[in-house]
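Residue numbers (the UniProt record's numbering): 1 to 478.
No lab work stands behind these hints: they were computed from the structure. Ideal Cβ positions, reconstructed from N, Cα and C, are used throughout, including at glycine. Hints are supplied without guarantee of correctness; some may be wrong.
Label-pair restraints from in silico Cβ distances [unchecked claim]: (1) Thr-277 to Asp-334: 24 to 34 Å; (2) Pro-92 to Arg-408: 55 to 65 Å; (3) Asp-343 to Thr-277: 39 to 49 Å; (4) Gly-452 to Asp-343: 17 to 27 Å.
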Amino acid sequence: MQLDVGTIFAAISLVAAALALGLSLFWLSNRNLTGVGLWAVGGAIVGIGTWGLALRGVIPDVLSITVANSAILAGLLLIWAGLRRFNGRQVPWGLVVAATLATAVSMFWLSAVRDDIVARVAVNAACLTAGYLLCAREFVPPRGQRITLTDGMGVVALLGLSAIYAFRFWQAFLYPESLPVARTSATDPVTLLAALTLSLLFVQALLLLANRRLREQMRHLAEQADHQRLRALESSRSKTEFLAMVSHEFRTPLNAIIGLSELGRTLPPSGAEGGRTREYFSLIHESGNTLLDLVNDLLNLSKVEVAKLHVTPEEVDLGAVMAAALRLVRQRADARGQILRVDLPGPPPACRADARALHHMLVNLLTNALKFTPDGGSVTLSALAVPGGASVTVADTGPGIPADQLPRLLQPFERLDNSYARSGEGTGLGLALVDALARLHGGHLTLDSRPGQGTTATIFLPTAAPAARPEEPPIAAA
Numbered sequence: 001m002q003l004d005v006g007t008i009f010a011a012i013s014l015v016a017a018a019l020a021l022g023l024s025l026f027w028l029s030n031r032n033l034t035g036v037g038l039w040a041v042g043g044a045i046v047g048i049g050t051w052g053l054a055l056r057g058v059i060p061d062v063l064s065i066t067v068a069n070s071a072i073l074a075g076l077l078l079i080w081a082g083l084r085r086f087n088g089r090q091v092p093w094g095l096v097v098a099a100t101l102a103t104a105v106s107m108f109w110l111s112a113v114r115d116d117i118v119a120r121v122a123v124n125a126a127c128l129t130a131g132y133l134l135c136a137r138e139f140v141p142p143r144g145q146r147i148t149l150t151d152g153m154g155v156v157a158l159l160g161l162s163a164i165y166a167f168r169f170w171q172a173f174l175y176p177e178s179l180p181v182a183r184t185s186a187t188d189p190v191t192l193l194a195a196l197t198l199s200l201l202f203v204q205a206l207l208l209l210a211n212r213r214l215r216e217q218m219r220h221l222a223e224q225a226d227h228q229r230l231r232a233l234e235s236s237r238s239k240t241e242f243l244a245m246v247s248h249e250f251r252t253p254l255n256a257i258i259g260l261s262e263l264g265r266t267l268p269p270s271g272a273e274g275g276r277t278r279e280y281f282s283l284i285h286e287s288g289n290t291l292l293d294l295v296n297d298l299l300n301l302s303k304v305e306v307a308k309l310h311v312t313p314e315e316v317d318l319g320a321v322m323a324a325a326l327r328l329v330r331q332r333a334d335a336r337g338q339i340l341r342v343d344l345p346g347p348p349p350a351c352r353a354d355a356r357a358l359h360h361m362l363v364n365l366l367t368n369a370l371k372f373t374p375d376g377g378s379v380t381l382s383a384l385a386v387p388g389g390a391s392v393t394v395a396d397t398g399p400g401i402p403a404d405q406l407p408r409l410l411q412p413f414e415r416l417d418n419s420y421a422r423s424g425e426g427t428g429l430g431l432a433l434v435d436a437l438a439r440l441h442g443g444h445l446t447l448d449s450r451p452g453q454g455t456t457a458t459i460f461l462p463t464a465a466p467a468a469r470p471e472e473p474p475i476a477a478a
């Protein structure tokens, strides 16, 4: 069976075109891979040159011999230049241009001026042999590094192609009678078929090489991101520990201020200014308690963030905890004519929680609701058994909150815009702390609100014990 030379040339040109298209698409999506664009351009030029060889006898010889062979060498040298850039090396563009021009001049002279097929084949084979050897050199890793499967695949393919064209070079002198490229020739088709197979292997090596580099870059970016995450975590822990330390140091003088102001409020009035003095002591006492609540919130939130605050969920009397929380905020509600309601259609649902933490959560939610509810408004506290646990809800008749602002309120130090907040009150710690405490129980806090329709905050507490919290990764030294 005879193999058709033109068909094999056409197949090689299609392989080169597919390589060019695939590498172009790959490079367009990964432009940080230097050199891949040159592989695509080189593959396209090789495909054009090989197609010119396939059209031998159909198009003028100056195109099928001079231009086609020069294009193949130019494309190969561009692939070599891309490999050098891919490996971070300088490209001797002068050599690329000079070799291409020298090949074009030689092919034109040996075909149009002096019709010497032996010299023409020898020059072409020598140039291609050198080009493939240059490419093979770029697949060899630096000394001390092991050669990978991808490197070995590229070296084997390119050395095989070099051997084919080296054989072609010697064939020009030893067997000149076999050189005419005729479609009935047996030698050229077999040689070209071997070259096609090795070219496919070379293409595969290029794709694997680019894929390996991309994986390395992705791994490097992942390591950088992990390092930045650890640094951010370390910075956050330092900030949190500082807040915890400062908050703890504030508590001692605040407790002294609160205690002394309480004592001052109980002293009998003396003189004309006695009543005003007691009023001053009351203001100091109230302000001290406000500051102490803020310090306690900061301290608790800091403990949650550094995993030093622990809760002990157990069966609690939910009704008693709700009543205690209402007693604590009732005076504030009465001062503004606000109505506190309790909605319990039946006995309080069974609940597992840390009683102190649950009391703190309810007081925070009630205080927050009263703060943003207008004078004469109402706040309703309710509880309900739900699948998997119990839910405790605080609903107010305040101005409501836009849906796009709700997620912000669960972040520390986030507050509402002044159009929805009363004089911008609050530090933005209350809801964040409630959510953190709920999560320590294995539950969560959800908010539901619309402008003009009030806000509903719901704590879900599961009946089952919460799962153990995952440990934070160790902090790496900066």
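Hint by hint, here is what the structure shows:
1. Between Thr-277 and Asp-334, the C-beta spacing of about 25 Å keeps the proposed range 24 to 34 Å intact.
2. For the hinted restraint 55 to 65 Å between Pro-92 and Arg-408, the CB-CB distance of approximately 59 Å keeps it satisfied.
3. About 43 Å separates the C-beta atoms of Asp-343 and Thr-277, a value consistent with the hinted range of 39 to 49 Å.
4. Restraint check, Gly-452 to Asp-343: a C-beta distance of roughly 22 Å satisfies the suggested window 17 to 27 Å.
The structure agrees with every numbered hint stated previously.
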